[in-house]
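Participant: Chain by chain, the residues run as shown.
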Amino acid sequence: DAGVIQSPRHEVTEMGQEVTLRCKPISGHDYLFWYRQTMMRGLELLIYFNNNVPIDDSGMPEDRFSAKMPNASFSTLKIQPSEPRDSAVYFCASSPPSGTDTQYFGPGTRLTVL
Amino acid sequence: AQSVTQLGSHVSVSEGALVLLRCNYSSSVPPYLFWYVQYPNQGLQLLLKYTSAATLVKGINGFEAEFKKSETSFHLTKPSAHMSDAAEYFCAVSVAFGNEKLTFGTGTRLTIIP
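These protein sequence lines are chains A and B, in that order.
Per our numbering, residue 8 is the first one in the first sequence, and the count goes up by one each step.
Per our numbering, residue 26 is the first one in the second sequence, and the count goes up by one each step.
None of these hints come from the bench; they were simulated from the model.
Check the hints yourself; a few may be wrong.
What the hints assert, rightly or not - Some residues of chain B that are not near chain A, with every Cβ distance over 12 Å (derived):
| id | residue |
| --- | --- |
| 1 | Val-38 |
| 2 | Asn-66 |
| 3 | Leu-71 |
| 4 | Ala-79 |
| 5 | Glu-89 |
| 6 | His-100 |
| 7 | Met-108 |
Stated by the list, open to error - Cβ pair distances, simulated, as ranges:
| id | chain 1 | residue 1 | chain 2 | residue 2 | range |
| --- | --- | --- | --- | --- | --- |
| 8 | A | Gly-35 | B | Ala-79 | 21 to 31 Å |
| 9 | A | Ser-94 | B | Tyr-64 | 46 to 56 Å |
| 10 | B | Ala-79 | A | Ser-80 | 10 to 20 Å |
| 11 | B | Met-108 | A | Pro-104 | 36 to 46 Å |
| 12 | A | Gly-35 | B | Gln-67 | 20 to 30 Å |
| 13 | A | Leu-121 | B | Ser-34 | 22 to 32 Å |
| 14 | B | Ser-105 | A | Phe-81 | 21 to 31 Å |
| 15 | B | Glu-91 | A | Pro-15 | 33 to 43 Å |
| 16 | A | Ile-62 | B | Asn-66 | 27 to 37 Å |
| 17 | A | Leu-121 | B | Gln-67 | 37 to 47 Å |
| 18 | B | Pro-139 | A | Asp-64 | 20 to 30 Å |
| 19 | B | Leu-32 | A | Phe-81 | 37 to 47 Å |
| 20 | A | Glu-69 | B | Ser-51 | 26 to 36 Å |
The model shown is predicted, which means the values in this text are computed figures rather than measured ones.
Ideal Cβ placement from N, Cα and C applies to all residues, glycine included.
Can you build the whole structure from these sequences, using the hints too?
Facilitator: Here you go:
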């Protein structure tokens with residue numbers, strides 16, 4: 008089992024550029040979560056999907072953030088335009104169909120916006 | 026809404042000493058409770074979880090936690106600390122019966138003194 012795969016692992020970009028983070032969940036998991044981790048705010052849930060459908064996006068900070076899950080094996084988190092305050096580590100996690108079960112986290116993408 | 030409070034953002038213990046990391050929860054319905062560990066530059070990994078079965082839960086790496094409803098606590102313990110236990114530890118709560126969202130605490134950084 009490869010685990011949750013995230014790419015890129017590190018991203019450095021300039022303010023105003025578009026950033027796309029990618030996630031491949033564990034096969035057979037039908038829940039997918041996007042989190043952001045910063046020193047100031049800790050670990051925040053941004054959005055989660057069930058069976059490719061967004062269930063709760065109340066954590067998405069503003070319209071510059073968008074997430075999609077076109078199929079069961081791929082999701083993207085896009086920031087357009089990016090700002091320095093978006094610098095953080097972004098984690099993707101997936102969970103099996105039983106719902107309130109273990110979430111399996113990817114290694115994260117460290118985003119730096121200059 | 027559910028929440029968790031982790032007492033102590035930093036804890037230091039000597040190698041071989043008892044590890045005690047504190048977590049208190051707030052939930053209007055029976056909770057599911059989790060402890061996750063995050064090693065440097067890695068994603069979160071599940072240590073153990075309580076899902077209304079036995080109140081004393083054993084996890085990986087010799088850790089265990091006891092659910093105490095009367096104290097609304099779910100403290101994490103390990104009898105003898107090892108250098109490899111140095112990491113950040115997160116307590117999390119979800120509401121049973123279908124709520125997929127985890128609410129994480131702010132984390133406790135554990136340092137092991139040789």
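Participant: So, for every hint listed, does it hold in this structure?
Facilitator: Hints versus structure:
1. Separation of Val-38/B from chain A is adequate, the least Cβ-Cβ distance of about 23 Å exceeding the 12 Å criterion.
2. A beta-carbon of chain A is positioned within 12 Å of the beta-carbon of Asn-66/B; the least distance is around 8 Å.
3. Listed as outside the interface, Leu-71/B is inconsistent with that label: its C-beta sits roughly 5 Å from the nearest C-beta of chain A, within the 12 Å cut-off.
4. At the 12 Å boundary, the C-beta of Ala-79/B stays outside the reach of chain A, the nearest C-beta of that chain being 17 Å off.
5. The Cβ of Glu-89/B lies farther than 12 Å from every Cβ of chain A, with a closest approach of about 17 Å, so its non-interface assignment holds.
6. Annotated as non-interface, His-100/B keeps its C-beta farther than 12 Å from every C-beta of chain A; the closest such distance is 19 Å.
7. Residue-level check passed: Met-108/B sits 22 Å from the nearest beta carbon of chain A, beyond 12 Å.
8. Between Gly-35/A and Ala-79/B the Cβ separation comes to about 27 Å, which falls inside the hinted range of 21 to 31 Å.
9. Taken as a hint, the range 46 to 56 Å is violated for the pair Ser-94/A and Tyr-64/B, whose Cβ atoms sit roughly 21 Å apart.
10. Separation of Ala-79/B from Ser-80/A is about 36 Å and departs from the stated range, judged on CB atoms against 10 to 20 Å.
11. For Met-108/B and Pro-104/A, the Cβ-Cβ distance of about 38 Å falls inside the hinted range of 36 to 46 Å, so the restraint holds.
12. Restraint check, Gly-35/A to Gln-67/B: a C-beta distance of roughly 23 Å satisfies the suggested window 20 to 30 Å.
13. Distance hint for Leu-121/A and Ser-34/B: a CB-CB separation of about 29 Å, consistent with the stated range 22 to 32 Å.
14. For Ser-105/B and Phe-81/A, the hinted distance range of 21 to 31 Å is not satisfied, since their beta carbons lie about 43 Å from each other.
15. Range check, Glu-91/B to Pro-15/A: Cβ separation about 41 Å, and the 33 to 43 Å hint holds.
16. Taking the beta carbon of each, Ile-62/A and Asn-66/B are about 30 Å apart, inside 27 to 37 Å as hinted.
17. The supplied range of 37 to 47 Å is broken by Leu-121/A and Gln-67/B, whose beta-carbon atoms lie about 25 Å from each other.
18. Judged by the Cβ atoms, the range 20 to 30 Å given for Pro-139/B and Asp-64/A is violated: they are separated by roughly 46 Å.
19. At roughly 40 Å, the beta carbons of Leu-32/B and Phe-81/A sit within the given window of 37 to 47 Å.
20. Separation of Glu-69/A from Ser-51/B is about 28 Å and conforms to the stated range, judged on CB atoms against 26 to 36 Å.
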